[in-house]
Amino acid sequence: MSTVTGVSTADQTPGPDGPQPLQGDRASTGRFGDRIFGGAATVSGIVVIAIVSLIAVFLVVQAVPALMDNSANFFTSRVWAPGGDKPAFGILEFLWTTVAASTIAMLISVPVGVAVALFITQYAPAWLRRPAATLVDLLAAVPSIVYGLWGLIAFAPVFKPVQGWIEDKLGWFPLFAPTGISGGTICFIGVVLAIMVLPIVTALSREVFDQTPTPHKEGALALGATQWEMIRTAVLPFGRPGVISASMLALGRALGETIAVTFLVSALSDGSPWTWSIFNGGETFASKIANNAAEFSNPTKTGAYIAAGLVLFVLTFVVNSIARVVIERRKAFTE
Amino acid sequence: MAKRIDVSDLNVYYGSFQAVEGVSMTVEPRSVTAFIGPSGCGKSTFLRTLNRMHEVIPGGRVEGKVMLDDQDLYASSMDPVTVRRTVGMVFQRPNPFPTMSIYDNVAAGLRLNGVKNKKTLDGIVETSLKGANLWNEVKDRLSKPGAGLSGGQQQRLCIARAIAVQPQVLLMDEPCSALDPISTLAVEDLINELKSDYTIVIVTHNMQQAARVSDRTAFFNIRKTGDPGRLVEIDDTTRIFNNPSEQATEDYISGRFG
Amino acid sequence: MTAAIDRRTPDDRSSSDGSDLPDAARSGGPAVPAAGATPPGDGPGREALSEMSHPHRARAVKNGVAKGVMWAAFALAMVPLVWILGTVVAKGMHMLTTMTWWTGNQRNINSDDFGGGARHAIEGTLQMVAFTTLIAVPIGILTAVYLVEYGRGPLARAISFTVDILSGVPSIVAALFIYAVWVTTFGLGRSGFAASLALVLLMIPVVVRSTEEMLKLVPNELREAAYALGVPKWVTVVKVVLRTAYSGIITGVLLGIARVMGETAPLLILAPYTKNFQRDLFNGNFPTLPMMINQDRGDFALTTAAERMWGAALTLILLVLLLNVIGRVIAHFGSVKK
Chain A
1353 MSTVTGVSTA
1363 DQTPGPDGPQ
1373 PLQGDRASTG
1383 RFGDRIFGGA
1393 ATVSGIVVIA
1403 IVSLIAVFLV
1413 VQAVPALMDN
1423 SANFFTSRVW
1433 APGGDKPAFG
1443 ILEFLWTTVA
1453 ASTIAMLISV
1463 PVGVAVALFI
1473 TQYAPAWLRR
1483 PAATLVDLLA
1493 AVPSIVYGLW
1503 GLIAFAPVFK
1513 PVQGWIEDKL
1523 GWFPLFAPTG
1533 ISGGTICFIG
1543 VVLAIMVLPI
1553 VTALSREVFD
1563 QTPTPHKEGA
1573 LALGATQWEM
1583 IRTAVLPFGR
1593 PGVISASMLA
1603 LGRALGETIA
1613 VTFLVSALSD
1623 GSPWTWSIFN
1633 GGETFASKIA
1643 NNAAEFSNPT
1653 KTGAYIAAGL
1663 VLFVLTFVVN
1673 SIARVVIERR
1683 KAFTE
Chain B
1357 MAKRIDVSDL
1367 NVYYGSFQAV
1377 EGVSMTVEPR
1387 SVTAFIGPSG
1397 CGKSTFLRTL
1407 NRMHEVIPGG
1417 RVEGKVMLDD
1427 QDLYASSMDP
1437 VTVRRTVGMV
1447 FQRPNPFPTM
1457 SIYDNVAAGL
1467 RLNGVKNKKT
1477 LDGIVETSLK
1487 GANLWNEVKD
1497 RLSKPGAGLS
1507 GGQQQRLCIA
1517 RAIAVQPQVL
1527 LMDEPCSALD
1537 PISTLAVEDL
1547 INELKSDYTI
1557 VIVTHNMQQA
1567 ARVSDRTAFF
1577 NIRKTGDPGR
1587 LVEIDDTTRI
1597 FNNPSEQATE
1607 DYISGRFG
Chain C
12 MTAAIDRRTP
22 DDRSSSDGSD
32 LPDAARSGGP
42 AVPAAGATPP
52 GDGPGREALS
62 EMSHPHRARA
72 VKNGVAKGVM
82 WAAFALAMVP
92 LVWILGTVVA
102 KGMHMLTTMT
112 WWTGNQRNIN
122 SDDFGGGARH
132 AIEGTLQMVA
142 FTTLIAVPIG
152 ILTAVYLVEY
162 GRGPLARAIS
172 FTVDILSGVP
182 SIVAALFIYA
192 VWVTTFGLGR
202 SGFAASLALV
212 LLMIPVVVRS
222 TEEMLKLVPN
232 ELREAAYALG
242 VPKWVTVVKV
252 VLRTAYSGII
262 TGVLLGIARV
272 MGETAPLLIL
282 APYTKNFQRD
292 LFNGNFPTLP
302 MMINQDRGDF
312 ALTTAAERMW
322 GAALTLILLV
332 LLLNVIGRVI
342 AHFGSVKK
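Chains as they are written, first to last, in this note's numbering: chain A, 1353 to 1687; chain B, 1357 to 1614; chain C, 12 to 349.
Since the hints were derived computationally from the structure, they do not count as laboratory data.
Some hints could be false.
[Stated by the list, open to error] To give an idea of the chain C side of the interface with chain B (calculated C-beta under 10 Å), a few residues:
hint, residue
1, His67
2, Arg70
3, Ala71
4, Asn74
5, Gly75
Ideal Cβ placement from N, Cα and C applies to all residues, glycine included.
Please model the entire structure based on the sequences and the hints provided.
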């Protein structure tokens, strides 16, 4: 199992659908101890189900009243003013910022992550493999608040001139238009997120590339393929579901990342013009909620933030489900 | 087509462990030579040195010479990739690329070499599949996945894939041991046809197969576990099976050990 | 690419059986169809002998470029790692070398005052995390035991699915949930305990998955041996299976702890910071390392505030790394060999 992602592609024993560890297991005799212990185990499992169901329920229940009071369209409004007599709040800004920053993170971390995974499994000399893998996993061990701190103090000043240069050369293109904001731009946040989720992409891709059956690799080599051609013919096609799944998991992580983003965002002032530029500021779902934690004083306000949290929950749920489905189908295929 | 292989005093090492010692032999073009011998005697290891596949395992190296006609396979200027283009290999377990269709599997080697012209590819794919006696069975489903065929068909697909790049030599490492008897027969018939165009070397556990299929047979043996394997005797097949020169060969043939 | 029609020089060495066909008769070999044959220069054709030494140039170049790209990617991934760790150590180390850091708190220290201690935050973090572990680990291990040893069918599938969902829940959503339950519904105030509950939610899936993997690695022969001795199932699970897998389970737990130690979102929502020592997890504000860093966030331009943040960051990283290392060492020395 990959300790970074908690997902395993190398699952050899059957899961909840398969036969029990011992076929025809009648060892559970209904004795008192067995009943207690088995019962405790079952209850634990049920507790987990209960928790997740409750999460959905509570979030919905507390979001709905606020949503009903909402005078603006929740999905298309850019205004966020949940307090006062006529609350009006919409998540469009957060949706854009969250999705844009996460997409940038994906565009960077997936190719680099796959390349690093290929490096570790195919190119690195034997003595370098474990250390290299450990080093990359170390990126995952760094707490996200430290990423926020580093991004704020050490990385941002280095990034600013780069942003300036891009704005200079490519600023005519709407995506790169200068907005006068520097520092916590969508692009910058996306880059920091990319670094944070890179180990996730690498960890799972590594597992999958390692499992490429040797006959396929040898088959390609025996045809006279170069190493790169062998990778393209045997390793990458075999590993594709794993890479997709890893990317989805990484995306889920990027969408939900809170504290690093909170440290780095440049919040937009009300009424800023809409722009497609990735050099714009803006808050993500997570950072908006986190930054306003102190404001959870009246129910409508809290409800608005909870509604935003609900959207985030659904987003990450969908993305993570895709990841697990892809892995499950691959497991069934190889069994 | 079809080259002659000359091996002089070949020793195979993995790291410091010697797997095979002092093999010398000549394989005539357009013939089938079988390697037989007990498990672990080095016949597969030696086979793999003929297309430098042993180098895929870390620490694999040889001392000695392997000549293909007048080309030294282990010359410092020789790229293993080129060697493998010229000396093809079929493995024990059929290994068609699972993500590719039948057509793409056969064409894989060609595409790697830059052949892009659809008509050329079509032509070569067809001839290769015909050459592998698979064409009639798959001609209507070339775009289906290669892994969807039966074991025997998959192996013939791998043979088609190997001959599509028009190698000079075809190495086969126990190609039938994972197949049922009927598929085995099909592959043996195929080998018989292929030998008019290729030099074929086949490793087999099955002595009857060696007797059926090969022109010459080489018997490998190992003194005791941990010793390097060695070539005991190589001769025309009929002579090996009826009147071998070495006692060890006779013992193996008659089943006194194996 | 290569000369397609190979007008080969006549074979000098005749083959031993003398039945070598002349080249011309061989030019229509079976692998090349007679009509519509490989057009010159377009197919692999038959290699001229001298061509054998060089694979097609472009392919060799591509191969080399690919190799370079992979090495470069690795180097690129190392840059932020070295940069971050280097910066944290360089900027935070001097704070950790003072005695006050490990004994004092931040009472009466303002943003522009230098120094102060971190003991309150360190103890707070450790205390909160210990509490989290106490709750999350039994639930996690028992759930994993259910999934591996007892459960088959729809309930087990549902549990497995739910664990997956839980592992994908962002920390802020978990925090919001606890807020919705604890503060809004039950009216209880924010506290270290509330934050700890959110951390429990984040830790459970990690413990479940890693315990599950460890339990699956225990060979069935061990279970069978116990049953054959007449040992009831629950005793087998506890005394045989869990005992065999326990070092791996510990590793998983330690890695889970390392992960929740750095989670800040629940703290932001549920455990406001205090500069004082605080032992009571259940009442009032609670000091933790991440919140200590967050406290000075707005003043990061001030050297005094910044270096405090770096110091706290370094302390946090050291704790996390320590747990990671201990976990891997235990895994290495105590593991069930596959």
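Hint by hint, here is what the structure shows:
Given the 10 Å rule on beta carbons, the hint for histidine 67 of chain C holds: about 6 Å separates it from the nearest Cβ of chain B. The interface hint given for arginine 70 of chain C is met, as the beta carbon of that residue sits about 8 Å from the closest beta carbon of chain B, less than 10 Å. With 10 Å as the threshold, the beta carbon of alanine 71 of chain C comes within range of chain B, its nearest partner Cβ sitting at about 8 Å, so the hint holds. The beta carbon of asparagine 74 of chain C comes within 8 Å of a beta carbon in chain B, closer than 10 Å, and the hint placing it at the interface holds.
About 12 Å separates the beta-carbon of glycine 75 of chain C from the nearest beta-carbon of chain B, more than 10 Å, and the hint is not met.
Hint violations for this structure: number 5 only, all remaining hints satisfied.
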